[in-house]
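Peer 1: Here are the chains, one letter per residue:
Number of protein chains: 2
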Amino acid sequence: MNRTPLAHTRFLSAQDVAAIVTRMGAATTLKRMADYIHEDFLRWQDFDKCARVASHSAGGVIELMPISDAATYAFKYVNGHPKNTLVGLPTVMAFGVLADVATGVPQCLSELTLTTALRTAAMSAVAARALARPDSKTLALIGNGAQSEFQALAFHYLLGIEEIRLFDTDPAATEKLVRNLAHTALRLICCTSVAQAVRGADIVTTVTADKTNATILTPDMIEPGMHINGVGGDCPGKTELHPDVLRGAGVFVEYEPQTRIEGDLQQMPQDFAVTELWRVLNKTATGRTHESQVTLFDSVGFALEDYSALRFMRDAAHELGMGEWVSLIPELANPKDLFSLIRPVAAPTLSGTRYATAATSHADKRELALAA
Amino acid sequence: MNRTPLAHTRFLSAQDVAAIVTRMGAATTLKRMADYIHEDFLRWQDFDKCARVASHSAGGVIELMPISDAATYAFKYVNGHPKNTLVGLPTVMAFGVLADVATGVPQCLSELTLTTALRTAAMSAVAARALARPDSKTLALIGNGAQSEFQALAFHYLLGIEEIRLFDTDPAATEKLVRNLAHTALRLICCTSVAQAVRGADIVTTVTADKTNATILTPDMIEPGMHINGVGGDCPGKTELHPDVLRGAGVFVEYEPQTRIEGDLQQMPQDFAVTELWRVLNKTATGRTHESQVTLFDSVGFALEDYSALRFMRDAAHELGMGEWVSLIPELANPKDLFSLIRPVAAPTLSGTRYATAATSHADKRELALAA
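So the protein lines, in turn, are chains A and B. Position one of the first sequence corresponds to residue 5 (the working numbering), numbered consecutively onward. Position one of the second sequence corresponds to residue 5 (the working numbering), numbered consecutively onward.
To be clear, the hints were calculated from the coordinates, so they are not data collected in a lab. Incorrect hints may have been included.
For identical chains, the list gives no copy identity; a pair is met inside one copy or between any two copies.
Straight-line Cα separation of at most 30 Å, DSBU-like style, residue types lysine-lysine; simulated pairs [what the hints assert, rightly or not]:
#: 1; residue 1: K141; residue 2: K340
#: 2; residue 1: K53; residue 2: K35
#: 3; residue 1: K35; residue 2: K340
#: 4; residue 1: K287; residue 2: K141
#: 5; residue 1: K340; residue 2: K215
#: 6; residue 1: K35; residue 2: K287
#: 7; residue 1: K141; residue 2: K35
#: 8; residue 1: K53; residue 2: K215
#: 9; residue 1: K215; residue 2: K87
#: 10; residue 1: K340; residue 2: K87
#: 11; residue 1: K53; residue 2: K287
Turn these sequences into a full structure, and let the hints guide you.
Peer 2: Okay, here's the thing in structure tokens:
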């Protein structure tokens, strides 16, 4: 059978992606992923931004997030099940596909659980590079769960953050973070309250996990010139910031219609002014207006970031020769002859028997006998 | 690292699915798949029937079709690119996932190109079993393309059809079908016109490929008591039947809102009466009312059929020990410690060096040196 190499899909398992990051180094991985995101945000208007499709159940939600430009289509499958950790599973798991718009062939199928943590951190750094004071050196990191190390490293490697002030309501989470980042040059300072962690920080990242309308940051904690990177307020009913924190800041978002529903912005009236980040990146809108302005990136995670992350992982896997080619799509000598995949093997002999029975079942052999 | 076997996904490639069908036999495969579809249609109201999400481009369309009940979620990725055969690719390619609603874990990832042809044929047979005259013996098969052999076998094995009268505008397509089914007990008769093929047939299947408003069947061809299985009219702008054929028949559909847009029904006024097939199967609606009534199944392919087909393939793969376990989702000793996937390996030595550099990159080694 002729091969149709066009129809092969590169499969990247969770182990493959972990190996890519380990071989490339976390610093290079985060920097390059941030470049991919930045590049794609600059051509924001090339993308067909579909709605996400959610299927809600008692225990959680399963969502499909598709996006496409003229050349490449991507979608992410992602769940959210708060009680998963009780059975040893991550709360959020994801995978996704990059496909060729011209033919529909799925080119790359990849895990996106680890990748999503990396892309969220890279996205936070892209926003902070555009919005935080350039001399920022200290970060307060409120919430030290599964995503926190990635946030810490992205700000370390991409913004030159040297000191991180940590707080979590669960001290074990903070201990885990400190253990996980002990190999870096970061100064990690454990704090006993949000207020203590935030005091004097140039940048504040909130990445807490509780699915409630929490008030992690209150206006009294906010200092002039701070940049707030709000990551954990990312779905209806899940917020982290007091509304007055938003009122006192220049607020920047990924995709406004989505953030109005999912972000901390959900607390604000519909006419509360925000700026889409891509406009700041392409210089059609102003970011920070002055040294002492408070800026806020109300991050929720947009399909375009997964598109960029998948694109990066595909390219990195190609460079490093990682992953496995799989046949998600059948290879056909004649694309109009799908049945050839299950046709009993033809034996070109001179005898009266035209069809051999190789690889056919007992049932099919009986049929052949009847047909003879 | 402890394994979390919950997080493994069974991967079924195109070769795996072809091997399942070959080992099980086409007859058993089609019969069992039809049983799965029938069973799921009987509990129609258990399903959350989401809209399909389409991304259109100049060359075709890529769609996601999700569906869920309280226990299992499924989605299908499917494209439609009419010019694909010019580059050696199928026009329609598909894959899909079955996931656990309780946790969001993807349990089975399977090719669905071959599977979709099988499920469409099985669905046609389920409908015909409920609607066609029980003494039906002859089928006219109009359109002898990629799906035609599957249709022929489903009617042979599930309805006892013994004679099939073939027509296609491309004689090579008909020759391919005859070659592919030469091993069966079917009497295959090549005809030179639609009218010749249809004359005297108990059941007429139209499964033509042209994306146009074609008129394959006209009222003069229809005989009392016929069952029409309309498969090829399945998206906006693609129909096969003269509107008077619908007017003269009892019309049955999968999911009415979808068929009004995609089926041959798209030609009819909004108040044209149809019956959803699941009501006939669960006996809350009447199917055929009398011997000489003309019945029409206006098939477009509904997400529930893919759900059933995925469920069948997962079970069949389990029985036969087919497929491969892949890690689409990372396995974590502590599900809250995602970073452990890329953390430099800890070396529990008594020296001052707490972290070994195994499996880390050159860049990370530099970082370790700096951190030391």
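Peer 1: Now, for every hint given, state plainly whether the structure supports it.
Peer 2: Verification of the hints:
For a Cα distance limit of 30 Å, the shortest separation of K141 from K340 across copies, 28 Å, qualifies, whereas the shortest one inside one copy, 62 Å, does not. Only within a single protomer do K53 and K35 lie at most 30 Å apart by alpha-carbon distance; the minimum there is 25 Å, versus 41 Å between protomers. With identical chains, the CA atoms of K35 and K340 are at most 30 Å apart between copies only, with a shortest distance of 24 Å across copies and 45 Å within one. For the homomeric pair K287 and K141, the shortest alpha-carbon distance inside one copy (25 Å) is at most 30 Å, but the shortest distance between copies (71 Å) is not.
With identical chains, the CA atoms of K340 and K215 are at most 30 Å apart between copies only, with a shortest distance of 16 Å across copies and 50 Å within one. In this assembly of identical chains, the alpha carbons of K35 and K287 lie at most 30 Å apart only when taken from the same copy (21 Å versus 62 Å across copies). Proximity of K141 and K35 under a CA criterion of 30 Å is satisfied intra-copy only: 18 Å inside one chain copy versus 67 Å between copies. For a Cα distance limit of 30 Å, the shortest separation of K53 from K215 qualifies both inside one copy, at 26 Å, and across copies, at 27 Å.
Taking the shortest alpha-carbon separations for K215 and K87, only the intra-copy value of 11 Å comes in at or below 30 Å, while the best inter-copy value is 47 Å. In the homo-oligomer, the alpha carbons of K340 and K87 lie at most 30 Å apart only across protomers (12 Å), although the nearest pairing inside one protomer, at 47 Å, exceeds that limit. In this assembly of identical chains, the alpha carbons of K53 and K287 lie at most 30 Å apart only when taken from the same copy (21 Å versus 43 Å across copies).
Checked against the numbered hints given earlier, the structure satisfies every one of them.
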